[in-house]
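Going down the list, the protein sequences come from chains A and B. Going by the numbering used here, the first residue of the first sequence is number 155, and it counts up by one from there. Going by the numbering used here, the first residue of the second sequence is number 664, and it counts up by one from there.
If you are wondering where the hints come from, they were derived from the structure by calculation, not from laboratory data. Misleading hints may appear alongside valid ones.
Unchecked claim - In silico contact screen, one side only, chain A against chain B (beta carbon under 10 Å); selected entries: (1) Met-155; (2) Leu-162; (3) Ala-203; (4) Phe-207; (5) Asp-237; (6) Val-239; (7) Tyr-241; (8) Glu-285; (9) Glu-289; (10) Glu-320.
What the hints assert, rightly or not - Label-pair ranges, simulated between beta-carbon atoms: (11) Asp-237(A) / Val-699(B): 48 to 58 Å; (12) Ser-740(B) / Arg-245(A): 21 to 31 Å; (13) Ala-702(B) / Lys-209(A): 46 to 56 Å; (14) Leu-795(B) / Asp-240(A): 18 to 28 Å; (15) Ala-789(B) / Glu-289(A): 44 to 54 Å; (16) Glu-159(A) / Pro-736(B): 17 to 27 Å; (17) Asp-700(B) / Asp-179(A): 26 to 36 Å; (18) Gly-302(A) / Glu-722(B): 14 to 24 Å; (19) Ala-702(B) / Asp-179(A): 22 to 32 Å; (20) Asp-709(B) / Ser-268(A): 52 to 62 Å; (21) Asp-700(B) / Gly-302(A): 38 to 48 Å.
The beta-carbon is built from N, C-alpha and C at its ideal position, and this holds for glycine as well.
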Amino acid sequence: MRDDERPLVARLRAGDQDAYREIVDAYRDRIITVVARVAGPGADAEDLAQDAFLKAFAALDRFDGRSALFTWIYRIAVNTARDWVDYRRRRPVVPLEGPHGGPAEPADTGALPSEAAERSELRAAVRAALERLPEPFRTTLILREMEGHSYEEVADILGISIGTVESRLFRARAKLRALLEQQGVRPGGAA
Amino acid sequence: MSAERDERPAHETRPEPMDEARCLFVFSLLLDGRPVDPALERAARDWAASHPECERAIEDWRRQSRALSEQPPLTASAGFTGRVLAAAARQGVLRETGAAAPALAGLAPAPVETLRPFARQLALAAGIALLLSLFVTLARPAELRADAAIARHRHAVDGFRASPFAADDIAAGLRARLADAEFGARPGGRR
Chain A
155 MRDDERPLVA
165 RLRAGDQDAY
175 REIVDAYRDR
185 IITVVARVAG
195 PGADAEDLAQ
205 DAFLKAFAAL
215 DRFDGRSALF
225 TWIYRIAVNT
235 ARDWVDYRRR
245 RPVVPLEGPH
255 GGPAEPADTG
265 ALPSEAAERS
275 ELRAAVRAAL
285 ERLPEPFRTT
295 LILREMEGHS
305 YEEVADILGI
315 SIGTVESRLF
325 RARAKLRALL
335 EQQGVRPGGA
345 A
Chain B
664 MSAERDERPA
674 HETRPEPMDE
684 ARCLFVFSLL
694 LDGRPVDPAL
704 ERAARDWAAS
714 HPECERAIED
724 WRRQSRALSE
734 QPPLTASAGF
744 TGRVLAAAAR
754 QGVLRETGAA
764 APALAGLAPA
774 PVETLRPFAR
784 QLALAAGIAL
794 LLSLFVTLAR
804 PAELRADAAI
814 ARHRHAVDGF
824 RASPFAADDI
834 AAGLRARLAD
844 AEFGARPGGR
854 R
């Protein structure tokens, strides 16, 4: 636990309701983003994020302070999303686009129109390939490439060794490239 | 971090001559700014320079990494924090001991909390009533009633007992009387 988090954790444990609000306000966007990415399309990211916060609140007594509070809640969120993926794999349904079914494409400021279109196309293709990337490579790649976590943080969140993170990322990159090639896309340009 | 088994295959952990897989593994680390042994890095760069397919793969990885990192983050919808805190209050995962507890008083659904003690008291009262009734029933001695048929023949039995006849004769006489229609016997001899 970081030193600056101690007062907040103490307030949570003392039942200070404003502290709960502060936690949700501070982390909600990152939690919603990561559960949406890990759970993929068809998931209601806000529902999953809410579940994650509730699980964290209920388990506050088990927070031992070995990791940062955010990392601890974040890990609960990632596991909640992975559980949802497992559940959905066992009971497949036709996905419906919810309010967070797919993120809006970012604007390519400063890029030439053709270049912007190409990058937007690649982003969509990579997103589609990512959906097909098997676990555990998918979550590892998401945490590193999309969420920007260090190897140490990925290892902490997933409960694996640094060596395993290195290996999974190497294989994830190779598999993602192979999936893109199957889709007829070459990230480098010419297919 | 858990002590999960290192998943790296042998070719990634043993010092062996450079090949494509080893070269790509080294570049996967370099892409993420991980420390690599300088001699190994030099060998990987030399290998890539002389193997166009390897260079192409590395370039593809760079582009797919960029496409992944450009995926836009999500933001929570309005009222998300309020919904999370209301759900937490409903499920009883918020602590109530804090000084600021009234801040959430309006969010918790009152009917559940007011009905619960009433239901508990009702169940307790029903249990006590049941136990009381069982105790009274078991403690009260049962009313003893002689069988009507025995009562009707009691005087005859007493008469036989007082007679000088042997026990066998008395039993035979009683059986005959029980079978006698004059004394109320039904066909088949049973009363």
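Results of checking the hints against the structure:
This hint is violated: Met-155(A) has a C-beta 16 Å from the nearest C-beta of chain B, more than the 10 Å allowed. Interface hint at Leu-162(A): violated, since its Cβ lies 13 Å from the closest Cβ of chain B, which is beyond the 10 Å cut-off. Taking 10 Å as the C-beta cut-off, the interface hint given for Ala-203(A) holds, the closest approach to chain B being about 8 Å. With a least beta-carbon distance of about 5 Å to chain B, the hint placing Phe-207(A) at the interface is held under the 10 Å criterion.
For Asp-237(A), the interface hint is violated, since its Cβ never comes within 10 Å of a Cβ in chain B; the closest pair sits about 18 Å apart. Taking 10 Å as the C-beta cut-off, the interface hint given for Val-239(A) is violated, the closest approach to chain B being about 17 Å. Annotation: interface hint on Tyr-241(A) violated; nearest CB of chain B at approximately 20 Å, more than 10 Å. For the restraint placing Glu-285(A) at the interface with chain B, the shortest Cβ-Cβ distance is roughly 12 Å, beyond the 10 Å limit, so the hint is violated.
Given the 10 Å rule on beta carbons, the hint for Glu-289(A) is violated: about 13 Å separates it from the nearest Cβ of chain B. Because the beta carbon of Glu-320(A) sits about 6 Å from the nearest beta carbon in chain B, less than 10 Å, this interface hint is met. Taking 48 to 58 Å as the suggested C-beta distance range, the pair Asp-237(A) and Val-699(B) does not conform, at roughly 36 Å. The hinted range of 21 to 31 Å is satisfied by Ser-740(B) and Arg-245(A), whose Cβ atoms lie roughly 26 Å apart.
Taken as a hint, the range 46 to 56 Å holds for the pair Ala-702(B) and Lys-209(A), whose Cβ atoms sit roughly 47 Å apart. Checked against the hint of 18 to 28 Å, the C-beta distance between Leu-795(B) and Asp-240(A) comes to roughly 52 Å, which is inconsistent with it. At roughly 52 Å, the beta-carbon separation of Ala-789(B) and Glu-289(A) lies within the given 44 to 54 Å, and the hint holds. Checked against the given bound of 17 to 27 Å, the beta carbons of Glu-159(A) and Pro-736(B), roughly 23 Å apart, stay inside it.
Between Asp-700(B) and Asp-179(A), the C-beta spacing of about 45 Å breaks the proposed range 26 to 36 Å. At roughly 21 Å, the beta carbons of Gly-302(A) and Glu-722(B) sit within the given window of 14 to 24 Å. Against the hinted window of 22 to 32 Å, the Cβ-Cβ separation of Ala-702(B) and Asp-179(A) comes to about 50 Å, which falls outside the hint. Hint check: Asp-709(B) to Ser-268(A), Cβ distance near 36 Å, so the stated range 52 to 62 Å is violated.
For Asp-700(B) paired with Gly-302(A), a C-beta distance near 26 Å fails the hint of 38 to 48 Å.
When the structure is compared with the earlier hints, violations turn up for hints 1, 2, 5, 6, 7, 8, 9, 11, 14, 17, 19, 20 and 21 and for no others.
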